[in-house]
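The lines below spell out each chain.
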Amino acid sequence: MRIIGCGNRERGDDGAGILVAERLRECGLKADTSTGEAASLIEDWNGADDVIVIDTVITGAPVGTVKVWDGQAPLDSATATASTHGLGVAEAIALARVLGHLPARLRVYGVEGRRLQPGAVMSPEVQRGVEEVVRRIISDLAITR
Amino acid sequence: MTVRGPRTIRVDTLARVEGEGSLYIKIVGERVADVKFKIYEPPRFFEALLRGRHFSEAPDITARICGICPIAYQMSAVHAIERALGVRIEPAVRTLRRLFYCGEWIESHTLHVYMLHAPDFLGYPDAIAMAREHRAVVEKALRLKKTGNRIVQLLGGREIHPISAAVGGFYRTPTKQQLTALVSDLEWALEASLETVRWTAGLEFPSFEQDYEFVALRHADEYPFNEGRLVSNRGLDIDAAEYEDHFVELHVKHSNALHSVVRGRGSYLVGPLARFNLNFDKLPEVARKAALDVGLRPPIRNIFRSIVVRAVEIVFACAEALRIIDEYEPPTIPRIDAPNRMGVGQAITEAPRGILYHRYALDDNGRIVAAKIVPPTSQNQKQIEDDLREYAAQLVAWPIDDATWKCEQAVRSYDPCISCATHFLKVVLGRESVKG
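Line by line, the protein sequences give chains S and Z. So the first sequence is numbered by our numbering: it starts at 1 and just counts up by one. So the second sequence is numbered by our numbering: it starts at 1 and just counts up by one.
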């Protein structure tokens with residue numbers, strides 16, 4: 001199992017994935033962080049057969065909404081992960097699929113974001129979304145182990 | 001003459017650019033009436049964030065400005081603060097910093113050459129579509145980039161926002177054995193980068209040359225990373241401390257960003273083309289030969305060919321990393337203690353995208369009183385607009401979709417890094433009809 005939180009803490013809601021990783025570490029779990037840049041992500045999950053990626057997403061849902069996607073299935077085209085890069089999580093998944101580097105099991109937790117500018121404070125709704133993701137990942141681990 | 005009906009083409013996102021901005025080009029009849037390239041100015045937030053912090057925090061804080069080039073921000077920060085404090089680092093630390101920079105150049109240039117820019121030349125919408133038909137090429141790119149990541153990880157302590165670089169040196173330095181473990185990967189990477197030069201040189205380049213003022217660092221005996229005079233092909237030759245005497249930032253109405261210009265002259269170009277043209281003689285033999293073998297010799301004035309120059313710089317970074325590792329002796333002490341002291345210091349280092357200027361003013365307690373950061377993309381911004389004005393004029397008769405795409409490709413030639421800003425670059429090419 002590899003857990004990778006993506007984003008940038010200095011950009012408000014974009015820090016959701018990073019915060020989830022930090023909260024999981026506080027709970028004694030191993031979790032990595034990433035900028036979410038596609039090539040690095042593919043490298044990060046290389047060799048793992050069960051991967052969870054957490055990123056901020058923009059789908060038009062209410063701020064703070066948590067959604068989970070099966071990374072093996074193509075991501076909804078209306079979904080844009082709020083990566084700070086031209087190539088983000090959605091592109092990493094698509095590229096890994098083409099190259100045959102997708103982990104056997106890949107889940108993407110998305111937290112709907114709104115404030116993404118540098119220096120922004122994370123929305124309270126996103127903070128609650130972060131806690132929800134942490135709870136769901138921990139309970140998921142408890143079931144699968 | 002015909003009367004052309006009014007058409008407006010809107011491209012929602014310009015992908016493969018690190019960040020967000022917008023580009024607007026208005027064509028009236030056969031004339032380019034207006035060009036606006038707009039980005040935001042993220043470092044302003046960080047300049048404010050730095051005020052009141054102790055200087056030792058600056059490398060960590062500035063590294064968070066950009067996920068693609070955190071080393072560049074750390075390097076400009078530590079060098080500027082060391083100058084403010086009068087700290088002299090030992091040569092072995094300086095060499096390690098060069099190695100650190102090699103890692104970042106390999107990562108950043110590889111990402112841009114293969115994943116962001118190559119699809120333009122090969123006619124694919126993105127790297128994913130390209131990977132379907134050029135799988136081996138993309139696999140090679142991922143492995144090459146990983147070699148750079150390994151250097152950054154080893155010296156930075158961790159991959160995302162490295163934390164090991166410090167004012168006075170490194171918190172931790174690697175052993176010879178740790179560095180030697182990178183050699184076989186780097187030897188492979190050197191070969192792969194030489195193939196990259198040949199591969200990129202075989203692409204087709206639009207015919208578009210401009211009379212640029214190239215601005216880059218120049219060092220007596222090295223291809224520049226973090227030391228040297230700031231020079232140009234129009235006679236500029238200054239120390240970093242004089243930067244603000246020669247370069248001014250002007251507010252422009254259509255953009256939150258400031259346009260940087262050479263005082264009395266105007267726009268200028270920083271980045272791979274500028275470095276290559278001003279420092280060709282300082283490239284190691286293997287990189288110089290790779291360039292000459294594909295007919296690349298200075299001055300290169302076609303911005304589209306920057307993809308080949310980036311490939312040459314990957315060759316340089318791999319060769320330089322191998323040389324440093326071969327000669328490496330760990331520093332006697334990883335980090336010199338830097339005392340709190342009042343002072344002002346400026347530094348310029350060569351980020352993958354061009355020169356990155358930092359200035360810090362410190363008080364008696366070592367707290368930052370003022371910080372100024374001028375990233376390479378801000379400096380290229382006016383030049384990008386100037387280029388587009390000229391380039392779009394060549395495209396006025398083109399179908400608007402094709403013209404838009406070529407303009408996007410031109411913007412991507414600069415590898416604009418505005419990730420520190422927001423997320424997408426929207427391109428709007430408007431065409432108004434006139435009666436001819």
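None of these hints come from the bench; they were simulated from the model. Since we're looking at a predicted model, the values are computed, not measured. Just to be clear, a hint being listed does not mean it is correct.
For lysine-lysine, the following DSBU-like pairs were computed, each having C-alpha atoms within a straight-line distance of at most 35 Å [unchecked claim]:
1) Lys26/Z - Lys253/Z
2) Lys289/Z - Lys372/Z
3) Lys67/S - Lys176/Z
4) Lys30/S - Lys146/Z
5) Lys67/S - Lys253/Z
6) Lys406/Z - Lys30/S
DEER-style ranges, computed between Cβ atoms [to be verified]:
7) Leu29/S - Glu209/Z: 52 to 58 Å
8) Gly29/Z - Gly100/S: 50 to 56 Å
9) Glu132/S - Val344/Z: 44 to 50 Å
10) Leu99/S - Asp364/Z: 54 to 60 Å
11) Pro330/Z - Leu29/S: 32 to 38 Å
12) Gly119/S - Asp293/Z: 45 to 51 Å
13) Arg135/Z - Ala142/S: 37 to 43 Å
Which bits of chain S does chain Z cover? Going by a derived footprint, with three or more residues having C-beta under 8 Å, they are [stated by the list, open to error]:
14) 4-14
15) 95-107
16) 134-141
A virtual CB, placed ideally from N, CA and C, is assigned to each residue, including glycine.
A quick look at each hint next to the structure:
Taken as a hint, the Lys26/Z and Lys253/Z pair is honoured in the structure, with Cα atoms around 17 Å apart against an allowance of 35 Å. A C-alpha spacing of about 39 Å is found between Lys289/Z and Lys372/Z, which places the hinted pair above 35 Å, so the restraint is violated. Simply put, Lys67/S and Lys176/Z have alpha-carbon atoms about 47 Å apart, too far for the 35 Å limit, and the pair is violated. Taking the CA atoms of Lys30/S and Lys146/Z, the gap is about 22 Å. The hint holds against a cut of 35 Å.
For the hint pairing Lys67/S with Lys253/Z, the CA-to-CA distance comes to about 40 Å; that exceeds 35 Å, so the pair is violated. Proposed proximity of Lys406/Z and Lys30/S is contradicted: the alpha carbons are some 45 Å apart, above 35 Å. For Leu29/S and Glu209/Z, the hinted distance range of 52 to 58 Å is satisfied, since their beta carbons lie about 56 Å from each other. Look at Gly29/Z against Gly100/S: about 51 Å separates their beta carbons, and that is inside 50 to 56 Å.
For the pair Glu132/S and Val344/Z, the supplied restraint of 44 to 50 Å holds, since their beta-carbon distance comes to about 48 Å. At about 56 Å, the CB distance of Leu99/S to Asp364/Z agrees with the hint of 54 to 60 Å. Checked against the given bound of 32 to 38 Å, the beta carbons of Pro330/Z and Leu29/S, roughly 35 Å apart, stay inside it. Under the hint 45 to 51 Å, the C-beta atoms of Gly119/S and Asp293/Z, about 48 Å apart, fit the expected range.
For the pair Arg135/Z and Ala142/S, the beta carbons lie near 39 Å from each other, so the given range of 37 to 43 Å is met. Residues of the region 4-14 of chain S lying with their CB closer than 8 Å to a CB of chain Z number 3, which satisfies the three-residue condition for coverage. With 3 residues having a beta carbon nearer than 8 Å to a beta carbon of chain Z, the region 95-107 of chain S meets the requirement of three or more and the stated coverage holds. Requiring three or more residues with a Cβ within less than 8 Å of a Cβ of chain Z, the coverage given for the region 134-141 of chain S is violated, as only 0 such residues are present.
The structure shown violates the earlier hints numbered 2, 3, 5, 6 and 16.
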